[in-house]
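Sequential numbering of the sequence shown, starting at 255, is according to this note's numbering.
Just so you know, these hints were derived from the structure itself, not from any lab. Some clues are possibly wrong.
[Unchecked claim] Quick list of the computed label-pair ranges, beta carbon to beta carbon:
| hint | residue 1 | residue 2 | range |
| --- | --- | --- | --- |
| 1 | Arg263 | Ala641 | 47 to 53 Å |
| 2 | Asp737 | Ala579 | 49 to 55 Å |
| 3 | Val442 | Ser741 | 48 to 54 Å |
| 4 | Phe582 | Ser311 | 44 to 50 Å |
| 5 | Ala429 | Phe725 | 25 to 31 Å |
| 6 | Gly303 | Ala429 | 28 to 34 Å |
Think of the CB as a built atom: it goes at the ideal place given N, C-alpha and C, for glycine as much as any other residue.
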Amino acid sequence: MDSRTAGLRPFVVFCVIIASLGALSNGINTSSLNIPGDYVKNCPGVPEGEVTYFEGSSIPKCIPMGDWIWGVATGMFAVGGLLGALAASPLAERFGRRDSMLLMNTTFFIGAVLLSTSTTSGQFAVGRIFVGAGSGFMTVVISMYIAEIAPPPTRGALGCFLQLFMTFGILIIQAIGLGLRSSVGWRVATVITVAPAVAQMILLPFCARSPRWLVSRGRIDEARAELLRLRNGDIEEEFSDMILGASTSSNEDVKNHIPDGDKDSVYYDNEKATSNGQVDSNLSFFQVIRIPVLAALTVKMCVVHASSQLNGINAIMYYSTNIFATSFDGDAPYVTVGVTGLNVVVTIIGLALVDRLGRKFLLLFSSIGMCLFAAIMTIALRFEVSALQVVCVMLFVSSFAVGLGTIPFLITAEVYPTYAVGAASSAALFVNWLCNFIIGLVFPALQTACGPYVFLIFTGIAACSSVFMLFFVPETKQKSIEDIGRSLGWYDLNVKEILNKKN
255 MDSRTAGLRP
265 FVVFCVIIAS
275 LGALSNGINT
285 SSLNIPGDYV
295 KNCPGVPEGE
305 VTYFEGSSIP
315 KCIPMGDWIW
325 GVATGMFAVG
335 GLLGALAASP
345 LAERFGRRDS
355 MLLMNTTFFI
365 GAVLLSTSTT
375 SGQFAVGRIF
385 VGAGSGFMTV
395 VISMYIAEIA
405 PPPTRGALGC
415 FLQLFMTFGI
425 LIIQAIGLGL
435 RSSVGWRVAT
445 VITVAPAVAQ
455 MILLPFCARS
465 PRWLVSRGRI
475 DEARAELLRL
485 RNGDIEEEFS
495 DMILGASTSS
505 NEDVKNHIPD
515 GDKDSVYYDN
525 EKATSNGQVD
535 SNLSFFQVIR
545 IPVLAALTVK
555 MCVVHASSQL
565 NGINAIMYYS
575 TNIFATSFDG
585 DAPYVTVGVT
595 GLNVVVTIIG
605 LALVDRLGRK
615 FLLLFSSIGM
625 CLFAAIMTIA
635 LRFEVSALQV
645 VCVMLFVSSF
655 AVGLGTIPFL
665 ITAEVYPTYA
675 VGAASSAALF
685 VNWLCNFIIG
695 LVFPALQTAC
705 GPYVFLIFTG
715 IAACSSVFML
725 FFVPETKQKS
735 IEDIGRSLGW
745 YDLNVKEILN
755 KKN
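Construct all of the structure, not just a fragment, from the sequences and the given hints.
Listed below in structure tokens is the structure:
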């Protein structure tokens, strides 16, 4: 049986879970200070702005910050995410997907040390940059790694593990945060990210390297050995397709360097293939955008990632704090945890549906749902209907989780050849983190200026993104990456020839 249609090996699931621990760290750092945040800025039992210290220590119980400084300091997480996303491509190409994740876990350790021992807002901000850099890096590389090791029939569901573990991380830290609302507690909350980082560093060496990355480096025998670990059935056709799809020269050129009489075999002269440029270096972002078909794909993926942030998910979560405080008073933190739990449940539902209904359908469904509930949210805010506001928050979050929360990471890793996926994914995730930062920066001002009508902005953005998803996003469900390449037009490109013509 062809390996692309044979059953899923448990080892693949193990590799996906261990890789997704990086997303768990991301989720933990995203919300580590949501609930105990007031204790970071204010010392207990003293007037606002006054600092007290732990007995026998020079470490303060709090770091007094005004709203603007607090916003900038916490927003450094998104700045770190931008830097991590930019660093992902060169590191993942040089060290490989697996080993670069191992390396970048160090940023979570550095960030945790800086945050947990912070004495100034500057040190706190630098700590947020480090954990943000690790998080931004992981969002790029985990999706690449999963897409490259998973068989086509289950690649969608396995790709959703990134967002699932991210939401798990948010849920775990918010639940723990209920018991960490104290001067010591907020420092403990910043250290918890070390736990999944340690677990991943211990277990990653037992995971497979990406066969596609190994092929791109000319390590053909190692790639074949890793694919055998990851697949049931006969790997010959899949592996041969993988080699051709990873080439930056035309497929006919590659075939010409396979020994005569052995054109269908994956056993050929590795040195001859690599020396003639068939398995070549990966492209930079500027090389990717010089190739029309890949440039168009990159624009589409950047729009998809921008939509996931600009449709207002962070804004509605920001607003939910006030909504829940009005409706539930002292129980608001528990309701916030409940909403995060709902996010996890709906992400699991999306995981079950993505390989059945498809990526495009879920993106479209998600965008339309967010458009609808943003419009209803405007009505609920205008007429101060608290119950309807709560319902809108729940349904808005659910609409996001089932599509735009998950699919952008998955589809970006699927639609590119191995030699372009690193640079293109970094660009798309850079846009994602940039839009995240912009929303965090401008939403409070928009809220003040527009009042209850602020969500009309997100209604319009969601409506536009729905139209874009309908007409411009390709469907990739249950296709091999090479089949996707054939349908999108990059599979048989002679990239070297195109780039040489442009010089």
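Each hint tested on the structure:
no., hint, verdict
1, Arg263 - Ala641: 47 to 53 Å, "holds, 48 Å"
2, Asp737 - Ala579: 49 to 55 Å, "holds, 51 Å"
3, Val442 - Ser741: 48 to 54 Å, "holds, 50 Å"
4, Phe582 - Ser311: 44 to 50 Å, "violated, 37 Å"
5, Ala429 - Phe725: 25 to 31 Å, "violated, 41 Å"
6, Gly303 - Ala429: 28 to 34 Å, "holds, 31 Å"
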